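Undergrad: Protein chains in written order, with the numbering used here: chain F, 1 to 151; chain R, 152 to 309; chain E, 310 to 687; chain L, 688 to 1045.
Take these hints with a grain of salt, some might be off.
Ranges of calculated distance between the beta carbons of each label pair, as one might list FRET restraints [to be verified]: (1) E:Asp566 with L:Pro756: 50 to 58 Å; (2) E:Thr571 with R:Leu169: 29 to 37 Å; (3) R:Leu197 with E:Gly603: 53 to 61 Å; (4) R:Ser159 with L:Ser826: 29 to 37 Å; (5) R:Leu169 with E:Thr460: 46 to 54 Å; (6) E:Arg367 with R:Asp192: 16 to 24 Å; (7) L:Ile724 with R:Leu169: 34 to 42 Å; (8) R:Leu169 with E:Thr354: 30 to 38 Å; (9) L:Leu767 with R:Glu213: 51 to 59 Å; (10) E:Thr641 with L:Leu775: 50 to 58 Å; (11) L:Pro756 with E:Thr460: 26 to 34 Å; (12) E:Arg367 with F:Asp20: 48 to 56 Å; (13) F:Asp20 with R:Glu188: 25 to 33 Å; (14) E:Lys357 with L:Leu775: 26 to 34 Å.
Distance condition first, Cα-Cα at most 16 Å in a straight line; then the derived EDC-like pairs of lysine to aspartate or glutamate [claimed, not checked]: (15) E:Lys494 with E:Asp531; (16) F:Lys61 with F:Asp141; (17) R:Lys303 with R:Glu216; (18) E:Lys667 with L:Asp813; (19) R:Lys198 with E:Glu353; (20) E:Lys371 with F:Asp141.
It is worth saying that the hints were derived from the structure and are not from the lab.
In this text, all values refer to a predicted model and were calculated from it rather than measured experimentally.
Every residue, glycine too, gets a C-beta built ideally from N, C-alpha and C.
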Amino acid sequence: MTNLAIKEYITAHAPEATYDETGEWLTIMVESNHLKPLAAVLHGQPMQLDFLFCLTCVDYKTHLTMVYHLTSTSNRNINIVLKANVDRADPIIETVSDLWRTAEFLEREVFEMFGVDFLHHPDLRKLILEEDFKGYPLRKDFEDPINMIKL
Amino acid sequence: MFLKDYISEVYNGVSSLLKGMRKTGYYFTHSKEIITEQYPDNRATLKLADRFKGEVVMPHDENNEHTCTGCTACELACPNGTIKIITKFDITPEGKKKKAIDAFIYRLEMCTLCNLCVAACPSDAIKMAPNFEHSVFDRSKLTKILNNPGSKIKEGIE
Amino acid sequence: MYNQTEIIKDTTDLGPEGELIVNMGPQHPATHGVLHLVVTLNGETIKKIEPHLGYIHRSIEKMCESLTYRQFIYVTSRMDYLSSHINNTACALLVEKGMQIEVPERAKVVRTILNELTRIASHELWIGAMAMDLGAFTPFFYAFREREMITDIMEDTCGARLTMNYIVPGGLMYDIHPEFQTKVKAFIKQFKEKVTEYEDLVTGNVIFQSRTKGVGILTASDAISYGCTGPVARGSGVNCDIRKIAPYDAYDRVEFDEIIETAGDSFARYMVRVKEMNQSIRIIEQLIDNIPEGDFVGKTKNVLKLAKGEFYQRVETARGELGVYIVSEGGTTPHRIKFRSPGFSNLSVLNHIAKGSKIGDLMATMGTLDLVIPDIDR
Amino acid sequence: MLSLESITKTTQDWLFAKFSPQIALTIECVIVILLAITLFAVLGLVLVLLERKVAARIQIRLGPNRVGPGGIFQTAADTLKLIMKEGLTPDAADKFLFNLAPFIVMMVAMLLLAPIAFAKNFQIWDINIGVLYISSVSSLSVIGILMAGWASNNKYSLLGAMRSGAQIVSYELSAGFAVLTIVVLTGSLQISDIVAAQENGWWLFKGHIPVIIAFVLYIIAVTAETNRAPFDLAEAESELTAGFHTEYSGMKFALFFLAEYINIFIVCAIGATLFLGGWMPLHIGHWENFNHVMDYIPSSVWFMVKTFFLIFLIMWFRWTFPRLRVDQLLNLEWKYLLPISLFNLLLVTVIAIMGWYF
């Protein structure tokens, strides 16, 4: 499947999606509330992007961006980067852990490191940090005066 | 049929166990296979690899001269602030001021021995030495000044 | 994670129907580090496993945001310390990709050889630790004897035994040791002689087989869904070897087989790793006599600056797929860096495959997942 | 020639000549108790060192080599350390049972020493039901382990103790059947009779394949009964940290440790007595000269050599095999060992009735 065909297919399902082909892989940008339906489309036939190999969040100071790296185990040539901007003050996005089970742990990590709230996540608790930890360490404005991270 | 399977299962199991016992028995009876290194006793003969990254040292020649110009390239290259260079200005015989190092402070306890400072040095003033017995009773002893007292920069190094 | 009072409250209470909640770890002989598993037991049977992480979390991702592209490589050695060379390679490859640095052939070949040696060393250590988890102490020492030869080779060439930091963007930090080739060949000779010992002591042993066969079964679809990679997924019959999918360094010019086992149980995962060691030897044998002459490092600028944009590099470590994702704003330091560590995804499947088995099976399952805790926590 | 038999005989004669029979008997008892305790201490030190040395050699290491020449004082130093350590009792533990458990385990081990024939006519108590006594008393040790596991109020300990209970109760059976084969052949439960019956050859050689099978079964069963790898599920280091003695420290832990090794010694001594002829020298058919040479070796040496051979065998098992899982352990007993030993007993009975042994 060429990038063009993928784009056509996705546009048919999510007309508002925008594309970026400057990077190594095709990048699709969608609104955060359209992410879950699009993810379900990509996971299903005929794309079958059944392998979520990276899920992370990037803090751009003005907004947070969720980044999903998808590939298909049946066709390893397809690699798609799915992105959705979320509001920095009130980051909420739908979980994808029912499509890819690996997202369960990865979303828990993003939840505690960036404070992104995943709706309908089965078990959204802190995984790495202490329960009573304040702040979101991987956000750019996080400063910890006791445990210095920056040099 | 059942009985045959049962017996062959027992036979295969026992033979696999005996095979393992033969191997361990071999090692039990062959003492030359022992690989223990008796470390503090063999210090005289212990030879580390010449590239072993044990600590950063600054070699001095017989005239107590080093080749460090105090350019702070190593300080910038260091990922965790191990190196601190304090410079001073020497007056050369011609009356010119010349930049030189006053103290090359190296904090061994912070060093990850990544070799980036040595790679960054333009005049090969520092290198990694294969020393590994670093334990001391006082942590402050791990902060070292690498240039010898009274040492000078070698002629012709800019 | 619970605080102190909650641990006591949580574990002295018996759950419904006489369930027993046991805290395995952070100090436990079989968790190989500071993994904390809260295991709910019904007698000897496991009902639920909940991993609690963070005991060795150093926030490497945040640290890397303030380090330059030369400096951040050394930190990655500390993630998965058993395949530190491969981690370093991933970072170097990413910077090379971002800056279009030409890497000399010699550096590529040497990197490939060292990567495969690292993989063998990691599997050797794993085989010993795995046998020890199941109660056989002796194979550990035999495995370490062979691993020692590899660490000696590393010490000669890279100057360190575990955290090498030998790979820099553009190539290698310095040239290989003059005796590198002879030592590697000696290692290959010894390895081929001694690998049969594992066959006698571990693989063929009837107790070992009965402990691992049919234990911790992971189906292919679950392996994909849980994002498992490396020997864990390959033991379930999923093709996921990055060395085949997206070859890097000199992997595109060597012949080797991707080991696939379809049973999906602990024994299949074990066999994948044992056979992988032989494949690594095969790769090294193809390359060791053909290290091209030439430079060991390409021409790079003094200050490395990645172009604005996003870069992703995948490599195959001993545990699976390591992904490095860098968002660059065009400066000398990364804006955001994410390490997709194989252990994290492999750990997430533990509850799924160990549920319903016995405590003894948990050790076999956990052993074959080959968890390295600093890799999971980062 | 100075033998243990003559020493005991002279001591007894002297005591009975000097004192009234009651006092003489009391003094004898005290001497025996002192000797038994000394034997315990010495055996503990020797066996622990032996285990570590055997393990080291198998694992291509040197083993302890710093304390004394070749490390022979290593275990003595360890004991000193353990004596000086504080014997902690957890707050939530049942303190009485917790402190009692190591002594129960120890006492059981001591009781088992009574009927063992260490040399010719050198036995504490030649009871006429010796074998029965041994099998009944040895099963008591599980009580101590269960007590320790329960009283620790630790989940690992409890799991370990429960495993141990299931394991010892089941493996008693095959050990009992293996012992029974020899009883059937000898026709007596008395240890001295069993040894005497092997004067013209050990049962292992006289009794054809069934006795060899019984011997193998016995070794497997007692390895399990003494909680040794590959059946060390009660301790199972990588699963239950230390099993039933997780919470013990200092001398209380040392007692468990000691009892384990004493138990190994005892079961190996019984194995040597039943199958390898106890203190009987190796006699081969009509080789009169050979037999005479063998007779010159003291009987106590024969006994110790045989016992330590069996101990070495059990240590060899431990450092070679992985551990079984708990259900496999019980499978092995009920599906393999028990049917085989029942069938084997039948064969031996036939052999004994028909008189087909040598």
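Undergrad: Determine which of the earlier numbered hints do not hold for this structure and return their numbers in increasing order.
TA: Numbers 3, 5, 6, 12, 13, 15, 18 and 19 - these are the hints that the structure violates, sorted from lowest upward.
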